[in-house]
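Asker: Produce the entire structure from the sequences given, and follow the hints as far as they go.
Heads up: the protein sequence lines correspond to chains A and B, in order.
Everything in the first sequence is counted per full-length UniProt numbering, starting at 1 for the first residue and increasing by one.
Everything in the second sequence is counted per full-length UniProt numbering, starting at 1 for the first residue and increasing by one.
Simulated from the structure, these hints should not be mistaken for lab results.
Mixed in with the good hints there might be a few duds.
[Said to hold, decoys possible] Going by beta-carbon spacing under 8 Å, a handful of chain B positions derived as facing chain A:
1) Gly446
2) Pro447
3) Trp451
4) Asp455
5) Ala721
6) Leu726
7) Arg730
8) Ala734
Just so we're clear, the structure is a prediction, and the values are computed from it rather than from any experiment.
Heads up, the beta-carbon is just placed ideally off N, CA and C, and yes, glycines get one too.
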Amino acid sequence: MLIVEDLHKSFATAQGRLPVLRGVQLQLAAGTSLALMGESGSGKSTLLHLIAGLERVDSGRILIHGQPLNGHNEAELARWRREGIGLVFQQYNLISSLNVAANLAFQARLAGRQDAQWQSHLSERLGLAPLLQRYPEQLSGGQQQRLAIGRALAARPQLVLADEPTGSLDETSSEAVLELFLELVREAGSSLLMVTHSARLAARLAHRLYLHQGRVQALED
Amino acid sequence: MDNLRVCLLALLSHWRRHPLQFFSILVGLWLATTLWTGVQALNSQARSDYARASAVLAGPAQVQLIPRRGERIPQSAYIGLRRAGWPVSPLLEGRLRFAGEPPISVQLLGIEPLTLPAGLQVAGQSSERLDLASFLGEPGQAWIAPDTLQRLGLQAGDVALTLDGQRLPPLQLQAQLAPGVIVVDIGRAQALLHAPDQLSRLLLPGDFSAPALPPTLLDSLQLQPAADGDDLQRLTDSFHLNLTALGLLAFIVGLFIVHAAIGLALEQRRGLLRTLRACGVSLATLLGTLGLELGLLALLGGLAGVASGYLLASLLLPDVAASLRGLYGAEVAGQLSLSPLWWLTGLAISLLGALLAGASSLLRAARLPLLALAQPQAWRVAQGIWLKRQALVACALLLVAVAVWRYGDSLLAGFALLASLLLAAALLLPALLDGSLALLARLCRGPLSEWFVADSRQQLPALSLALMALLLALAASVGVGSMTEGFRQTFSGWLDQRLAAELYLAPRDGDQANAVIGWLEDQPGVEAILPQRRVELRLQGRPAQLQGIVDHPTYRQHWPLLEAQANAWDKLAAGQGVMLSEQLARHLRITLDATLQLPSETGVQQLPVVALYADYGNPKGHMLVNVDWLRQHWSQAPISNISLRVAPEQVASLKSALEQRFVLEGARLIDQQGLKSWSTQIFERTFAATAALNSLTLGVAGVALFISLLTLGQSRLSQLAPLWALGLSRPRLAWLSLAQTLMLSSLTVLLAMPLGLLLAWCLVAVVNVQAFGWRLPLHVFPVQLLQLALLGLLTSLLAAAGPLWQLARQSPADLLRQFADER
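Answerer: Next comes the structure, spelled out in structure tokens:
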């Protein structure tokens, strides 16, 4: 469902342009998962942002079900994020003015794909059911991350993009959260692209892709 | 000391990273100080000029001999009295006109320094210390104040030429002399005023126990006891109090900006404060450093504010001076000359303001748990407690307002009522907005609308102070606007009705009055000659005018009465009643049907009050009686004015003939149109300063909102970035943010309208009654309300435009930074 072809991206710095991605290629079939690994600055997050339409590519193509993302204008990219993907960040990025229930349902309602049963299931599975009326800052770190996962999956997106989703949690919690996350991604029928530093966590996914200085170093199945 | 320095440097480093907040605090202090010191400069200049005016001839209260009729005393009377052993000193007053567009009119005062009563000061100098040789010798001296000299465009030592070509002695600067006055030797004054052998008054020492006047002078002179001489000060007090109240309002609105900016700065620096405390800085040192930092900011803002306050006052002074001259006959210099004390007071006010605005934030910072993270929702929770407390204080203030309205009986009580109402409304605003948004939230069905309302509620704590400022400024604009516009309508209708005669004439003296009347009787087109006689009295310590009029349909048909007995005009004509101006009746606490006691030459007279009438713009009390009754009890009451009913086509020719025949200059003969336009002009200029201050206050509120939104815009990025990531485009987010601001300001504008009308009611029914003695009907002007509402929204739109433009242009990198692990 996702094909990335010869992707290049650089950023302007005081010293000139800094290349971050140099011809990255990857493919992700529907319903599968891929861990994106590499050292800091290797371009993992940038690749994720490009696929999410949060940044624009310099050259190369991103194809979703054969349709290129490159030519999309801001409104089309916003629609892609709204309806096509679910985003999970290390810092959760919840909406502080809305309570847990509203946060959980937010993107699904934006996408016009509300499914009360599925959301109820999610809140039960994620342990959020007794916390629905609370506000994000009244939750622990683990609860906030589970809420962010729930929000990303509530609309059953085609693709879930996660950037170090358990980076703020301790090892035990992150194991448990990841386990639950992968299970729910499968239940949602979504594909998953996850950035992580942890080889142990990456091993739980179907494929692993290593980035080094903006280039694909290796792909493991 | 080192602790303090390190702590201060750490705190100041915040401003390097947040220059906008630094700018906000400075702008707030600057604007607040500007408006306050500007108004104080106007008041202080006017008051110092009143003091100079009363110091032209100051000293122990003087007894005076004044003419019974007309304006002048023959010099022979003075000589006769001196020969009889009376220690009288002559004075001659008149006006000189100098070239200018329009011609500049200056009061000329002729004195005789050798006979001035002992202890009397002339222009601030003791009469014993005057340089008599220079003043009396050739070429003599004409004393003049620096501002009058500048107005004439001359320099010290110059010889001034009057419009009729006469030369004054060389001008000599006297810093203490009142503006608009020139003092010369009496002999020169007589020549300059074409008044040979004539005098205006004769001064006597205050302790002189005057024997009976010689019989030959009894008919022409009367003894006037020492007056307390502060009439001008008393009459103008209300005017200055009104200006002060407006200045204070603007100052408070300015302090809202400071309060908002300091609050946000503290909120953002909570992490820093926590670190400093963790590193061993004591709470006392920390608070001391914050206070010191606030003081430095106040000093900077205060210096800028005092300088621009001076500039603002210079711009407004011409209108204020014209109002004071027109309403009270008070001469106020056209330029500012303020003492160093005024500058220091301005700085002190800025410091005090900063302390007031910062104190509550410091207190809140000291009380909020330092270990709590600076999260907007936590702030909202803490704010919730404050909202409740604020609402309680507001309710208490409303009770105070009701009590003051019910039991207060002074101008100060009137302003206390306004202040309590405004403050209560301001304090209630956040709770009302929060409540309205909570209601709105129940109606929301979509995710965006839910977020829209919830996020607006979250923004409330940061915006509430700016919105309070907007509420106050807008309500003040509505209140003052409704009052002014209502007054304009009432005043103009009253003028149209009251000024029924075609020509108004003020004769120089009784002889001229008789000559004019005799001549007019033979003129074609003159339909009625209505001479009025007037005596000046003091009733309960305040000046009042008793006017005697003839019985004529002009009065019966045109004199507007507020309340009257049946057949009031018949009773007046029969000498069986007196009519009182509204303000005098209020001052004397007399109502219709009561009996008024008037101290006359023939003893105390008692007359029933048969009617009350409006007498807008007259600072003195005014009474109407029948002219024959007046002459029975004040046999020498002079003819003060003559109103003429003239066929319309004859007005111009008759006016011109009167001017030529009786040499009636300028203000002595004026037609109806001229009088109306002069009165309207005074009215407009009186409210020009008010309107300017009002607009500035609204501008300040706009700046408060702008700065709050701009500051908030920076911290809101982390709230908006997730929405962008979830699929809302940046322009859409910007539009939503604009709609949020407009929704909050619309609600505020909506609340400001009834508050403004309540304010207008307080102004016309309470403050005006206490300040001027008249009550105006409350008018509501829907178009004006709509204009002000739109202006309020436009102010919000302009205030929101900058921050939103920034948001719409925010690069994706800035938004992406919110997802990075850097917070």
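Asker: Hints first: check each against the structure and report whether it holds.
Answerer: Checked hints:
Against a cut-off of 8 Å between C-beta atoms, the interface hint on glycine 446 of chain B holds, since the closest Cβ of chain A lies about 7 Å away. The interface hint given for proline 447 of chain B is met, as the beta carbon of that residue sits about 4 Å from the closest beta carbon of chain A, less than 8 Å. With a least beta-carbon distance of about 6 Å to chain A, the hint placing tryptophan 451 of chain B at the interface is held under the 8 Å criterion. Because the beta carbon of aspartate 455 of chain B sits about 4 Å from the nearest beta carbon in chain A, less than 8 Å, this interface hint is met.
Hint status for alanine 721 of chain B relative to chain A: holds, with the closest Cβ pair at about 7 Å, below 8 Å. About 5 Å separates the beta-carbon of leucine 726 of chain B from the nearest beta-carbon of chain A, less than 8 Å, and the hint is met. Taken as an interface hint, arginine 730 of chain B checks out: its beta carbon lies about 7 Å from the nearest beta carbon of chain A, inside 8 Å. The interface hint given for alanine 734 of chain B is broken, as the beta carbon of that residue sits about 12 Å from the closest beta carbon of chain A, more than 8 Å.
The structure does not agree with numbered hint 8 stated previously, though it agrees with all others.
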